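Asks: Read top to bottom, the protein sequences are chains A and B.
Read in this note's numbering, the first sequence has 208 at position 208, and its numbers run on one by one without any break.
Read in this note's numbering, the second sequence has 192 at position 192, and its numbers run on one by one without any break.
For the record, the hints were derived by calculation from the structure and aren't laboratory data.
Keep in mind that this is a model prediction, so the values were computed, not measured.
Some clues are possibly wrong.
Same chains, same names: a pair is fine if it fits in one copy or spans any two.
Below, computed lysine-lysine pairings styled on BS3-like, alpha-carbon distance capped at 30 Å [claimed, not checked]:
#, residue 1, residue 2
1, Lys106, Lys163
2, Lys316, Lys87
3, Lys258, Lys129
4, Lys159, Lys203
5, Lys115, Lys298
6, Lys115, Lys330
7, Lys106, Lys297
8, Lys178, Lys106
9, Lys328, Lys106
10, Lys87, Lys330
11, Lys298, Lys159
12, Lys87, Lys328
13, Lys245, Lys351
14, Lys199, Lys330
15, Lys245, Lys178
16, Lys297, Lys115
17, Lys177, Lys330
There are 2 protein chains.
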Amino acid sequence: MEFTVTHTDMNSHGRVGMIKTSHGDVKTPIFMPVGTVGSVKSVEARNLINDIDAEIILGNTYHLYLRPGCDILNRAHGLHNFMNWQKPILTDSGGFQVYSLSKIRKITEEGVFFKSHIDGSQHFFSPEKVIDMETSIGADIIMPLDECTPFSCGYDYTKESIKRTHRWLQRSVNHLKKTRNDHNRHQNLFGIIQGSIFKDLRKESVDFVTSMDVSGYAIGGVCHTEGNFNGLYDISGYVCSLLPKDKPRYFMGVGTPKDILECISLGVDMFDCVMPTRCARNGRLFTTNGIIQITNKKWESDFSCIDSGLDNYVSKNYSKAYLHHLFKNKELLAYQIASIHNLSFYLWLIKIARQHIMNNDYVQWKNDILQVITVRL
Amino acid sequence: MEFTVTHTDMNSHGRVGMIKTSHGDVKTPIFMPVGTVGSVKSVEARNLINDIDAEIILGNTYHLYLRPGCDILNRAHGLHNFMNWQKPILTDSGGFQVYSLSKIRKITEEGVFFKSHIDGSQHFFSPEKVIDMETSIGADIIMPLDECTPFSCGYDYTKESIKRTHRWLQRSVNHLKKTRNDHNRHQNLFGIIQGSIFKDLRKESVDFVTSMDVSGYAIGGVCHTEGNFNGLYDISGYVCSLLPKDKPRYFMGVGTPKDILECISLGVDMFDCVMPTRCARNGRLFTTNGIIQITNKKWESDFSCIDSGLDNYVSKNYSKAYLHHLFKNKELLAYQIASIHNLSFYLWLIKIARQHIMNNDYVQWKNDILQVITVRL
Chain A
1 MEFTVTHTDM NSHGRVGMIK TSHGDVKTPI FMPVGTVGSV KSVEARNLIN DIDAEIILGN
61 TYHLYLRPGC DILNRAHGLH NFMNWQKPIL TDSGGFQVYS LSKIRKITEE GVFFKSHIDG
121 SQHFFSPEKV IDMETSIGAD IIMPLDECTP FSCGYDYTKE SIKRTHRWLQ RSVNHLKKTR
181 NDHNRHQNLF GIIQGSIFKD LRKESVDFVT SMDVSGYAIG GVCHTEGNFN GLYDISGYVC
241 SLLPKDKPRY FMGVGTPKDI LECISLGVDM FDCVMPTRCA RNGRLFTTNG IIQITNKKWE
301 SDFSCIDSGL DNYVSKNYSK AYLHHLFKNK ELLAYQIASI HNLSFYLWLI KIARQHIMNN
361 DYVQWKNDIL QVITVRL
Chain B
1 MEFTVTHTDM NSHGRVGMIK TSHGDVKTPI FMPVGTVGSV KSVEARNLIN DIDAEIILGN
61 TYHLYLRPGC DILNRAHGLH NFMNWQKPIL TDSGGFQVYS LSKIRKITEE GVFFKSHIDG
121 SQHFFSPEKV IDMETSIGAD IIMPLDECTP FSCGYDYTKE SIKRTHRWLQ RSVNHLKKTR
181 NDHNRHQNLF GIIQGSIFKD LRKESVDFVT SMDVSGYAIG GVCHTEGNFN GLYDISGYVC
241 SLLPKDKPRY FMGVGTPKDI LECISLGVDM FDCVMPTRCA RNGRLFTTNG IIQITNKKWE
301 SDFSCIDSGL DNYVSKNYSK AYLHHLFKNK ELLAYQIASI HNLSFYLWLI KIARQHIMNN
361 DYVQWKNDIL QVITVRL
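The task is simple: from the sequences and hints, build the whole structure.
Replies: In structure tokens:
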């Protein structure tokens with residue numbers, strides 16, 4: 001994998017770059033739609049390309065391991081073929097889902113025991129097994145197994161946890177080197193920086209991860225909810241300030257449009273979040289004019305298009321009144337149109353962000369546009 | 001509305017023709033996807049045109065009356081604009097839904113009282129009110145209010161019922177003439193032939209309906225379930241034999257691929273049915289090789305495309321294994337892909353049927369292809 005920073009904003013740490021993978025190039029900063037279990041919910045692969053301009057999507061190793069399973073993915077020659085998506089894919093390690101979805105688990109030095117959230121069956125992930133699964137999936141960028149510690153677990157546990165996460169990273173790097181010869185796939189392992197809200201632990205994690213032979217850096221364990229942790233910018237800014245500039249930085253699970261724009265100015269290059277699709281299914285639309293709860297009565301007879309500020313077909317050709325009607329009737333088309341719209345908005349936002357970094361007016365633009373797009377209409 | 005029969009099969013009553021409406025032409029025989037409440041379930045308007053080759057769709061007056069309601073549809077300037085579909089639309093009268101969905105109802109000479117299946121609110125449909133609603137909807141082809149009698153109601157009731165249905169048709173014709181000057185829409189009223197399984201009543205109905213100034217003939221009350229009434233071909237063949245040849249014949253709510261092909265050979269021109277989309281949502285796929293229950297284990301690792309015999313994107317580019325996986329995970333994309341596929345199959349089948357009528361080898365082709373497409377794989 002090749003990564004080049006082509007421009008850094010003169011007034012912030014925002015940077016524009018390009019990641020080259022064997023499935024194509026990705027312009028950074030980038031937002032990656034989440035394709036949990038081999039589909040970006042409600043969105044066809046064609047729409048991801050033609051409407052949304054998605055350049056890379058994310059797959060969840062935990063979900064794909066449980067269904068369809070590695071055997072099927074191996075026989076399909078990987079997730080790209082299986083889901084009919086020939087652009088780049090990034091897979092998480094499954095660690096976060098093990099901690100958030102599987103109620104019963106046990107973490108040992110060897111790995112993590114957990115029960116499937118689907119049928120309660122027992123499973124075990126080790127760093128090596130996760131790399132093997134990600135090889136079956138065949139993603140272009142892969143994450144190592146880590147422990148995603150909750151804020152509540154305190155300094156001592158976090159310190160112990162990051163040391164184990166580092167040992168797991170070392171094992172992941174070793175295992176990928178050992179197995180890389182067995183297959184032809186060009187997979188690039190990132191290292192994950194943990195350490196919760198503790199800056200000295202974050203620094204310790206940065207020191208370790210940057211000493212490893214990895215293709216990029218992920219910031220983990222900060223935020224998987226909507227902007228309710230004030231330290232989000234503090235921690236991500238601090239971590240970015242410590243990281244070398246020659247590799248991409250991926251803020252896992254972030255976030256709101258505001259969080260993304262703020263973190264871009266701190267030097268983050270890659271983002272993923274279920275927010276645009278999950279909000280879409282609940283009728284919450286991000287638009288170039290502000291936030292719309294399309295199920296509200298006020299949109300019932302608003303025959304203007306969903307968002308004239310976006311170029312994609314659905315935002316320009318379906319009216320707010322029609323989408324309101326589809327939601328009221330629980331028509332499946334509602335979720336489809338809303339999901340395409342919200343993802344188009346996210347990809348539009350990040351594309352414009354790149355232009356303003358190139359123009360060196362990113363900070364002013366960011367502050368101005370946040371005044372508009374965060375308004376509740 | 002103009003209708004021309006361009007060719008009649010030399011060995012059956014099958015005929016090829018063209019309906020011209022102000023929203024475009026429709027080649028017959030034709031299958032009309034059902035857009036119940038302003039959306040063909042799970043299918044975007046673009047897919048109807050680009051993938052499915054739909055030429056005309058159906059809207060349900062009963063559903064559209066309840067939601068979004070005529071006020072919204074008037075303010076949207078009709079259903080075409082509201083749902084972003086500029087090709088022809090046909091609307092049923094709502095009669096069938098009143099009888100099938102609304103448990104409490106009372107039929108009088110004036111019209112029918114019923115309770116909404118959504119909230120139990122009380123409503124009343126008269127022939128005049130239905131025409132007014134269909135004017136708000138603005139469909140190109142509209143159906144008059146009729147009574148759709150169940151087979152079980154006996155000869156005497158059916159005889160009484162068709163006489164009322166005929167009086168309602170007369171009122172519908174009168175009301176449409178009276179109100180046509182108030183708006184610019186070119187709406188074409190069909191007459192519905194009822195009479196249940198009683199041939200003399202069917203003949204009485206044909207005699208009355210053909211004496212009216214209507215643009216086409218619909219065969220009602222025969223079948224809304226899958227081929228479990230042996231008299232379906234008998235009745236439709238008999239009715240077609242009595243009908244003049246210069247107007248289109250529409251068999252309401254039919255049906256299976258077999259029913260459609262058989263009825264084409266009896267002289268029917270137009271069909272609609274929820275079967276392709278409803279079956280799709282249950283994982284039942286019609287393919288050029290036979291019927292597939294995609295949720296069955298046997299498709300789990302079949303990486304061949306859904307149907308190489310069809311030209312549309314989804315049938316050619318997504319595998320059976322992938323669609324199986326999406327269904328197993330209840331991913332909304334499953335319903336979307338399966339619905340596009342099944343409708344594509346229906347429109348493909350009817351397109352090929354037209355070619356074989358033109359070639360005068362329709363009957364042989366029909367018998368051959370039914371051997372293939374009705375097999376359960």
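Asks: Could you check the structure against the hints above and give me the numbers of any it violates, in ascending order?
Replies: 3, 7, 11, 14, 17
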